[in-house]
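Those sequence lines, one after another, are chains A and B.
Following our numbering from start to finish, the first sequence increments by one per residue and tops out at 313.
Following our numbering from start to finish, the second sequence increments by one per residue and tops out at 313.
Honestly, I wouldn't trust all of these hints.
[To be verified] With a straight-line Cα cutoff of 25 angstroms, these simulated BS3-like cross-link-like pairs (lysine-lysine) come out: (1) B:Lys-180 with A:Lys-277; (2) B:Lys-218 with A:Lys-180; (3) B:Lys-290 with B:Lys-218.
[Claimed, not checked] Pair ranges (Cβ atoms, derived): (4) B:Gly-150 with A:Pro-107: 35 to 45 angstroms; (5) B:Pro-295 with A:Val-40: 48 to 58 angstroms; (6) B:Pro-95 with A:Asp-236: 40 to 50 angstroms; (7) B:Gly-150 with A:Gly-268: 54 to 64 angstroms; (8) A:Trp-90 with B:Arg-204: 54 to 64 angstroms; (9) B:Ile-128 with A:Pro-107: 48 to 58 angstroms; (10) A:Arg-93 with B:Pro-295: 50 to 60 angstroms; (11) A:Arg-93 with B:Glu-281: 20 to 30 angstroms.
Don't read these hints as lab results, they were simulated from the structure.
Don't be surprised by glycine CBs; every beta carbon is placed ideally from N, CA and C.
Protein chains: 2
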Amino acid sequence: MTKPYAIGIDIGGTTTKLGLADRKGNLSHQSVVPTTGHVGLDEYINVLLGEVKQITETISIEKISGVGIGAPNGNYYTGEIVDAANLEWKGRIPIAKMLTEKLGLPVTLTNDANATAMGEMMYGAAIGKHDFIMITLGTGVGSGIVANGQLVYGHDGFAGELGHVIAVRDGRQCGCGRKGCMERYCSATGIVITAKEWLAEKRGESVLRSHDTLTAKHIHEAALAGDEMALDIFDYTAKILGQTLADAVAITSPEVIIFFGGLANAGAFLLKPVKKYMEENLLNIFQDKVELLPSALPDTDAAILGASALAW
Amino acid sequence: MTKPYAIGIDIGGTTTKLGLADRKGNLSHQSVVPTTGHVGLDEYINVLLGEVKQITETISIEKISGVGIGAPNGNYYTGEIVDAANLEWKGRIPIAKMLTEKLGLPVTLTNDANATAMGEMMYGAAIGKHDFIMITLGTGVGSGIVANGQLVYGHDGFAGELGHVIAVRDGRQCGCGRKGCMERYCSATGIVITAKEWLAEKRGESVLRSHDTLTAKHIHEAALAGDEMALDIFDYTAKILGQTLADAVAITSPEVIIFFGGLANAGAFLLKPVKKYMEENLLNIFQDKVELLPSALPDTDAAILGASALAW
């Protein structure tokens with residue numbers, strides 16, 4: 002019997018969000034618990050179990066196909082969260098096993114970006130697509146790659162690090178220790194670095210000069226107001242992203258590239274020039290074939306939905 | 002019942018090679034026919050049918066699981082050879098359909114590089130591997146990418162163009178119309194271009210100066226003899242290849258990268274420094290995990306074996 006529900010758990014640095022999804026992506030029984038501040042991992046697990054129990058008090062556990070978890074550094078193969086920089090537990094946390102044992106439900110874990118890709122395939126902009134790339138432009142850049150209808154986890158579960166493809170050889174220093182990673186240019190963090198560099202190096206008027214603490218949102222607002230430097234900054238960001246995506250297309254030949262996250266919401270300022278630069282840099286056999294689309298998942302629930310999609 | 006044999010057909014620009022493979026990669030009934038010089042496509046197909054008939058006269062067709070074809074620009078999804086530069090038929094050649102109808106056996110088509118990747122997985126260096134990259138360093142650079150145990154064809158059948166990833170932004174002019182493609186540096190053609198550029202630009206003694214028509218083989222021989230410029234040329238080639246592979250690893254996280262083709266035979270001069278440069282450029286989570294291996298398929302039969310592997 003096909004079970005009609007799946008539980009999604011999105012583990013973030015500050016809060017953990019839970020919800021029950023049906024096969025169309027309708028969420029119910031949503032709740033939020035703190036990720037931090039527990040006496041230990043066991044207490045956190047008990048809090049999660051309590052939340053799941055609240056769900057299974059109204060929906061029979063027989064109707065739930067499983068639990069999906071999206072977490073930073075979540076590894077699909079081992080079911081472990083490994084050395085996640087944003088979480089207070091260090092080392093290897095075998096969270097899938099811990100929850101499976103206590104719940105009696107299958108628990109599947111992966112990282113946030115992969116979970117979002119699954120969410121797009123199940124409920125979002127990639128329904129019916131077998132080959133696509135989902136890219137998250139947030140504080141950093143994450144990505145989930147689907148080929149032949151399956152997530153590309155790689156042999157170790159760590160595939161899909163598009164944000165750490167070298168976009169500019171010997172370019173900006175990245176937190177990963179190398180230079181020129183795409184996420185140092187094309188994330189919310191990256192676009193602010195570009196703006197600061199340009200404001201220091203270039204003359205020219207810009208409303209961006211009026212901010213003490215510049216954010217990606219300020220740059221977006223300035224672009225909306227027609228500020229020339231802000232528009233140029235988006236164009237530069239789009240160029241680097243378009244070039245990098247053209248190379249990724251040569252490798253996996255996706256039908257669609259889906260954009261998610263804060264910077265992706267800058268919409269026309271980013272996606273339109275990204276498309277132009279990607280096409281300019283594509284090998285001829287790939288030209289005019291790859292669609293660029295914004296995510297079709299609701300911003301606030303995307304992570305829970307993505308996590309739940311793992312459980313089908 | 003599992004059928005014990007498969008027919009492999011390797012369509013090259015000059016000759017077409019056929020053979021019957023068992024599940025261990027033992028070949029029998031090999032034959033070679035010209036690809037060119039036939040009155041038309043139908044005559045060529047009839048020649049192929051005649052060769053297959055010779056096989057089925059000694060081995061019952063009931064024992065043959067199917068026919069696999071490797072061909073330039075062969076498309077897995079459509080079964081067509083499309084505008085192959087090295088073949089005399091232009092446009093779309095629905096070769097899989099034409100042969101299936103006349104043979105009564107399933108016929109599967111893909112391009113040479115993908116066929117070789119399948120051969121490595123079935124009989125070669127990737128037996129039991131589910132995530133790997135096969136890269137052919139010949140006149141050009143081809144590649145076949147396997148994820149989750151399946152070839153990554155992409156939505157259109159054209160995935161795996163690692164040779165056309167931009168290795169050097171605004172670099173050497175490529176035949177594809179763009180600049181800086183990896184194959185302009187890391188193929189037999191590319192290494193000769195490097196040598197010619199260096200001989201013109203640099204001073205320094207080198208036995209390479211004594212050749213009127215320089216080939217990759219000359220450069221390999223010079224390296225074997227300890228010629229310093231030849232060794233530096235290999236090091237430069239390896240650096241660009243290692244950098245490009247590091248980016249590819251970030252995308253698909255393969256367990257192994259397998260090297261095939263003329264330039265790959267330069268072995269230690271290439272693979273050892275490629276490994277070094279790849280490791281230097283890898284994101285930390287991928288370091289010391291990816292094995293680089295030479296192909297385990299016999300050079301002369303690799304293409305037939307690869308083609309046959311499609312039929313299982």
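Now for the hints, and whether the structure bears them out:
Between B:Lys-180 and A:Lys-277 the CA atoms are separated by roughly 17 angstroms; this keeps the pair inside 25 angstroms, and the hint holds. Straight-line distance between C-alpha atoms of B:Lys-218 and A:Lys-180 comes to about 35 angstroms, which puts the hinted pair past the 25 angstroms bound. In summary, the hint linking B:Lys-290 to B:Lys-218 is not supported, as the alpha carbons are separated by about 31 angstroms, beyond the 25 angstroms threshold. About 21 angstroms separates the C-beta atoms of B:Gly-150 and A:Pro-107, a value inconsistent with the hinted range of 35 to 45 angstroms.
Against the hinted window of 48 to 58 angstroms, the Cβ-Cβ separation of B:Pro-295 and A:Val-40 comes to about 54 angstroms, which satisfies the hint. Taken as a hint, the range 40 to 50 angstroms holds for the pair B:Pro-95 and A:Asp-236, whose Cβ atoms sit roughly 44 angstroms apart. Between B:Gly-150 and A:Gly-268 the beta carbons are some 38 angstroms apart, a value that contradicts the proposed interval 54 to 64 angstroms. A beta carbon spacing of about 60 angstroms between A:Trp-90 and B:Arg-204 agrees with the range 54 to 64 angstroms that was offered as a hint.
A C-beta distance of roughly 30 angstroms is found between B:Ile-128 and A:Pro-107, which places it outside the suggested range of 48 to 58 angstroms. For the hinted restraint 50 to 60 angstroms between A:Arg-93 and B:Pro-295, the CB-CB distance of approximately 35 angstroms leaves it violated. The supplied range of 20 to 30 angstroms is met by A:Arg-93 and B:Glu-281, whose beta-carbon atoms lie about 27 angstroms from each other.
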